[in-house]
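**Student:** The hints should help you fit chain L onto chain D, whose structure is shown.
Read off the chains here:
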Amino acid sequence: MTGLLRRQLWGIMRLEIRRLFLSRMSLVVYLLAFAPAILLIGHATFETRYRQRLRSIAKTHKPLAGLDQVYPGMSMQQVVERLGRPYAQRFGRRGSPTVFYQYTDGTTNLTVVFMQGYVWRLLYREPTSLPEYLRLLSGIFNLYYLRLGIFFGAVWVFASLFRGQILDKTIHYYLLCPVRREVLMAGKYLAGLLSMILVFDLGVLFQWIGTLWLFDKATLAGYLDQSSLRQLLTCVAVTALGCLGYGSVFTAVGLIFRNPIVPAAAILAWEQINPFLPAALKPLGMIHYLQSLLPSSAKLDQQIPPMISLLIRPGEPARPTVAVIWIVTVSLVLLAVCCVLARRLQVNYATD
Amino acid sequence: MSHDLVVLEDVCRFYGEVLGVNHINLSIGPGITSLVGPNGSGKTTLLSLIAGLIRPSKGRISVLGYRPDQPQQLMRILGYATQFDSFPMGLTGLGLIYSLLRMSGYPHSDCRKMANQALEQVGLVQDSHRRIGAYSKGMKQRLKLACAIAHQPQVLLLDEPLNGLDPLIRATIIQMLRRLGREGRHVIISSHVLNEVEMISDQVVLLSGGYVAAEGPIHTVRTEIKDQPMEFLIQCDKPRLLACSIFQHDHVVEARLLPEDQGLLVKTRDANQFCRTICRLALGQVQIHGIIPTDDNVRSIYEYLVGNQEASK
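Sequence order for the protein chains is D and L. Our numbering numbers the first residue of the first sequence as 1 and each following residue consecutively. Our numbering numbers the first residue of the second sequence as 1 and each following residue consecutively.
By construction, these hints were calculated from the structure, which means they are not laboratory data. Among the hints, a few may not be true.
What the hints assert, rightly or not - Distance condition first, Cα-Cα at most 25 Å in a straight line; then the derived PhoX-like pairs of lysine-lysine:
id, chain 1, residue 1, chain 2, residue 2
1, D, LYS169, L, LYS140
2, D, LYS217, D, LYS59
3, L, LYS113, L, LYS140
4, L, LYS267, L, LYS238
5, D, LYS169, L, LYS137
Said to hold, decoys possible - Listed next, with one range per pair, are the computed distances between beta-carbon atoms:
id, chain 1, residue 1, chain 2, residue 2, range
6, D, ALA221, L, LYS113, 55 to 61 Å
7, D, ARG343, L, GLU303, 41 to 47 Å
8, L, ASP69, D, VAL337, 17 to 23 Å
9, D, ARG14, L, ARG182, 32 to 38 Å
10, L, GLN70, D, PRO278, 32 to 38 Å
11, L, ARG131, D, GLN52, 43 to 49 Å
Owing to the predicted nature of the structure, the values given are computational and were not obtained by experimental measurement. Cβ atoms here follow ideal geometry from the backbone N, Cα and C, with glycine treated the same way.
Bound conformation, chain D alone (with noise of 0.2 Å):
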């Protein structure tokens, strides 16, 4: 690469970096990317305090016998002989014979439900483990993160590159510096792969730390040092191969239409449908190659209900290297499309 070449990319980049960044609209992303962490930080700080709550308060009212001692049909006098006095009581709506009674033993919350005296239910809340969270992690990015998130992001991000600065009248500046088309293409692509998987990998590293907050030391060792540590990688590497790949669409479709949203809603509902798809169709779908390289999308708990599974599980996942080399060689094919296209361009603000 020429000095100047590398001066004229990095001179858009940073511009268009900045736009992408600073700009109103980048709050879009950033919410896009980053709602599913927040939820999970936001839960991740209620339960680290439950769970300290928990604690404390079995220090005081530590019940006489464990948690499973305790069944439906006792009266209240058993339950009182056999795990002691509660460390809370209410009772149900004023006429209800309806009362509660709650234990810990520092880890699990027991409510028994009494009803005239006697045991009705019994409700337990024990700690969600690990690899429960993972499941959960793993769900919402293979149903939120990749299906909308990602693909939201880029229709904001690239769908704008050139449309957006159609649409309010700057293009031009961009137009008029001495600068090749391709290379002006190259680098508004560059700075909007670079903004997107800058903040979409983030979003997907902090919905880790959200969720692995919550584990001691020795749990967190356990689970590092097994293979697990590389579905966070994965879900890195392919947060940034759908960044890449939907990335070109929308650049290709901000090129081409004048309006982005008729085609993005067009595609979103083929990426949708995906999964109910003829076996054939299925890889013209980018979700399908995506879906593909996610190890977890293999290991689906049963319990999980079919559509859901449907969704997340892609029929017959492709290879790994045929899925990255699909994504990237379609990602290559459109920028080469968008260069011609950006060649053509032509900037008349009135029919804009």
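**Tutor:** Then chain L, alone, in the frame of chain D:
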């Protein structure tokens, strides 16, 4: 293709079925050239075609030998201040010019120096660190000019460059444009302000309905308009006597005495013959103090050429 001319050969541009410009043939040399014409006459289209922002439906354009579809070469010698007041968000005046120069591939140190020089020329140095969003209309106008001249282009296209400028700044900018014209740069201006066009232009291109109605130095254009008699104001001691004498000549179509001895207004079909007649009369009984052509200006040319066409529509 000439390497010191902006050449348009049979250039046409249509927006769907709407005519932008049609059969434009122009050769624009160094100096200040003004594009004059009513709204929708094709001035901005012509500038955008030269800058390569739009492509001609037909015809060829060459800017000092470069084609508009080679931006990497053309934009090194061309600067264009468009009519649009929009700017990339969140930048300061200095930041914008600096970023555009960086994008053009200039090294960091040069960019800073060139950006400051450009801002200095348009009198915007003091506000260069303010965000563009806080700029007034006049400041934005000057910033656009600064963007266009920052890389010291040989060809400068300016779309309504004096819009929104206060008289002092306007004078500064006019001075700057004149200097650029004198330096041998090609300054092509589109303007509605006919007085200023006349003041600064070396030549005019009159556009009407997408066609070139006339082009060349203002005086030449006026003499070529044969169907409109030329008008002179003669200041003398005996206007009545002069009116009687001069009206006997065939080339004089009208002689009108102005009130309060302001002089005599004469319309003639032949300026040369008129001059000879006046010389003869001046040697006789009439003492002539001055002869002023009153319609040898852009406004009159505009009215004769464009006004008639507009009226006939």
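**Student:** Take the hints in turn and mark each one as holding or not.
**Tutor:** Verification of the supplied hints:
1. Our distance criterion of 25 Å between C-alpha atoms is met by LYS169/D and LYS140/L, whose separation comes to about 14 Å.
2. This hinted pair checks out: LYS217/D and LYS59/D have alpha carbons roughly 23 Å apart, not beyond 25 Å.
3. Distance restraint check for LYS113/L and LYS140/L: the Cα-Cα separation of roughly 20 Å lies within the 25 Å cut-off, and the hinted pair is therefore satisfied.
4. With a C-alpha separation of about 18 Å, the suggested pair LYS267/L and LYS238/L falls inside the 25 Å cut-off, and the hint holds.
5. Distance hint between LYS169/D and LYS137/L is fulfilled; the C-alpha atoms sit about 16 Å from each other, no more than 25 Å.
6. The beta-carbon spacing between ALA221/D and LYS113/L, approximately 57 Å, falls within the hinted interval of 55 to 61 Å.
7. Separation of ARG343/D from GLU303/L is about 43 Å and conforms to the stated range, judged on CB atoms against 41 to 47 Å.
8. Judged by the Cβ atoms, the range 17 to 23 Å given for ASP69/L and VAL337/D holds: they are separated by roughly 18 Å.
9. The hinted window of 32 to 38 Å between ARG14/D and ARG182/L holds, with their beta carbons roughly 37 Å apart.
10. Judged by the Cβ atoms, the range 32 to 38 Å given for GLN70/L and PRO278/D is violated: they are separated by roughly 48 Å.
11. The hinted range of 43 to 49 Å is satisfied by ARG131/L and GLN52/D, whose Cβ atoms lie roughly 47 Å apart.
Taken one by one, the earlier hints fail for this structure only at number 10.
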